[in-house]
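*Asks:* Chains as they are written, first to last, in the numbering used here: chain A, 1 to 241; chain B, 242 to 528.
Hints in this document: simulated from the structure, not taken from any laboratory. Check each hint, because a few of them may be wrong.
Straight-line C-alpha distance at most 30 angstroms; calculated DSS-like pairs for lysine-lysine [to be verified]:
1) A:Lys-218 <-> A:Lys-166
2) B:Lys-315 <-> A:Lys-235
3) A:Lys-70 <-> B:Lys-346
What follows is each chain in one-letter form.
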Amino acid sequence: MARLILMFNKQVVKEVPLLKDSITIGRDEENTIHVDNLAVSGYHARIDIAGDDVIVTDLQSTNGTFVNDKKIVSHKLVHGDNIIVGKHVILFVASDTGAIPGQEEQKMDMDKTMMLDTAKQKELLAKQKGVAKAAKAKEKVGVVSFIDNSGLGEIELSKKLTKIGKADSSEIKLSGMFMAPTVATISKRPSGYTIGFAGGMTKLKVNGEIVKENIQLKEFDTVEIASYKFQFFQKEGGAKE
Amino acid sequence: MIVKATGISDVGLKREGNEDAFSTDDSLGLYIVADGMGGHLAGEVASQVSVEMINKTFRKWIDDEATADEIYGKPDNTLSLLGNYLLGSIRLANRVVFEMALEQKQHHGMGTTVAIVLVTPTLIISANVGDSRIYLTRDGEMEALSKDHSLVAEQVELGMMTEEEAELSPMKHILTRNLGSGEDVVPDIFEIEPANDDRFILCSDGLTDLVSDDEIFEMVLGEDNPEDLCRKLVDTVLDRGAHDNTTIITIFISDMEKRRDGPIKIVGMLIVDLVTGIQKAIKKIIP
Chain A
1 MARLILMFNK QVVKEVPLLK DSITIGRDEE NTIHVDNLAV SGYHARIDIA
51 GDDVIVTDLQ STNGTFVNDK KIVSHKLVHG DNIIVGKHVI LFVASDTGAI
101 PGQEEQKMDM DKTMMLDTAK QKELLAKQKG VAKAAKAKEK VGVVSFIDNS
151 GLGEIELSKK LTKIGKADSS EIKLSGMFMA PTVATISKRP SGYTIGFAGG
201 MTKLKVNGEI VKENIQLKEF DTVEIASYKF QFFQKEGGAK E
Chain B
242 MIVKATGISD VGLKREGNED AFSTDDSLGL YIVADGMGGH LAGEVASQVS
292 VEMINKTFRK WIDDEATADE IYGKPDNTLS LLGNYLLGSI RLANRVVFEM
342 ALEQKQHHGM GTTVAIVLVT PTLIISANVG DSRIYLTRDG EMEALSKDHS
392 LVAEQVELGM MTEEEAELSP MKHILTRNLG SGEDVVPDIF EIEPANDDRF
442 ILCSDGLTDL VSDDEIFEMV LGEDNPEDLC RKLVDTVLDR GAHDNTTIIT
492 IFISDMEKRR DGPIKIVGML IVDLVTGIQK AIKKIIP
């Protein structure tokens with residue numbers, strides 16, 4: 001099915017499938033594609049399906065309608081055409097297409113970094129946004145669950161950097177004669193949660209092994225600090241972004 | 242704690258101008274690399290404005306002792322106060338570049354990445370938008386403290402593509418986030434505690450396009466000061482053709498209170514172990 005991709009400043013604003021035989025574009029809210037911009041007339045242009053053809057027609061707009069920078073009155077659209085209405089660009093994507101004809105015009109210097117802006121990449125991004133949204137909904141947050149007699153129970157790691165120790169400012173406060181103000185820290189990194197020994201007299205043990213520097217935490221790792229013992233795991237429904 | 246940092250930016254061998262920008266502020270402990278994009282050197286404007294805005298805004302909030310609520314946009318309560326300062330200043334820089342891009346025709350579509358590291362004696366914060374990277378080498382291992390906001394990186398993360406495929410993809414420079422293309426931006430920010438002999442590299446993709454992570458890691462371990470490391474990285478890029486602007490900042494941390502065990506400490510720890518053992522035993526008997 002053919003689609004129209006409304007873009008402003010190379011960012012996708014909206015995607016509209018061509019379901020009806022006739023759709024209108026303009027600033028008035030009644031339009032199928034409502035573009036809220038002063039450079040756009042109340043009813044600016046219309047797109048009609050006539051058999052196999054898709055035709056864009058200017059509706060006597062003040063600033064005119066352009067296709068690929070050429071001012072038009074009525075124009076038969078081909079895949080990849082850019083319809084310019086005011087400062088907005090509407091990309092026409094024909095149904096079931098692979099390569100974009102006329103891509104010579106869209107010379108992409110692949111060595112240069114750029115923001116997404118062609119139909120193909122937009123398609124990919126749309127697909128991945130769907131998957132990513134699902135993944136985001138299941139974003140996990142780290143939790144430490146105390147399995148000793150300390151009564152500290154389950155504590156969610158709601159901060160990017162969690163300090164563990166005697167200090168009042170610690171997110172996880174532990175007490176004890178030899179407890180350092182900060183004995184260890186747990187930080188959330190791109191690779192996951194990592195626990196690191198910060199200093200002091202008490203030892204940090206993960207799964208029974210002494211850790212003097214940093215180690216990545218895996219599900220159900222058991223951590224011991226002095227007489228405290230807790231397990232690390234992750235649960236769904238992380239902190240808000 | 243002693244922090245030594247060096248920054249360098251090279252236009253490379255193929256580009257007309259340098260659209261990268263960077264800043265190193267040792268008094269603030271703030272280090273920024275920005276890789277600009279946009280036609281006709283508009284990228285230069287985007288990257289320089291961003292670096293300037295972030296420095297200015299961050300400094301202002303420090304001087305004013307702003308609270309988290311006073312930053313630009315809603316604060317993130319998974320972050321520290323300084324983390325929120327960085328978050329706010331990135332958002333503000335984004336807004337400025339975005340508005341500038343709309344205003345003038347020659348700036349249309351301009352944008353920039355940013356990679357930032359903040360170093361304080363008790364906290365290190367990394368923040369990034371785009372595909373400029375931050376690497377930390379610690380305890381003989383190198384890890385990334387930034388997330389690539391590129392189409393291919395996100396596909397790799399979602400399992401839609403392998404890392405090898407991503408390397409070879411013609412789309413590997415296409416970004417999904419940058420400063421300037423939208424009203425809002427979501428940077429990735431991480432906070433960690435500093436450790437002695439931590440070594441950081443911030444770089445634009447001019448470096449990572451031509452030098453692999455393993456090679457970078459080897460060079461980090463092989464040099465003992467940031468200037469030499471910086472120079473070595475840039476020279477390697479130039480040797481390999483330098484098709485893009487390349488900007489690198491290297492940061493070495495030293496003279497931090499070591500965690501190594503001295504004799505008194507070892508005895509102390511033995512005593513603690515003994516006491517802890519007794520406490521545990523008592524807890525088992527009398528829960």
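*Asks:* None of the hints should be skipped; say for each whether it holds.
*Replies:* Hint by hint, here is what the structure shows:
1. A:Lys-218 <-> A:Lys-166: 25 angstroms, holds
2. B:Lys-315 <-> A:Lys-235: Judged against 30 angstroms, a Cα distance of about 25 angstroms means the pair holds.
3. A:Lys-70 <-> B:Lys-346: The given pair, whose Cα atoms are some 19 angstroms apart, holds under the 30 angstroms limit.
The structure fails none of the hints (numbered hints given earlier).
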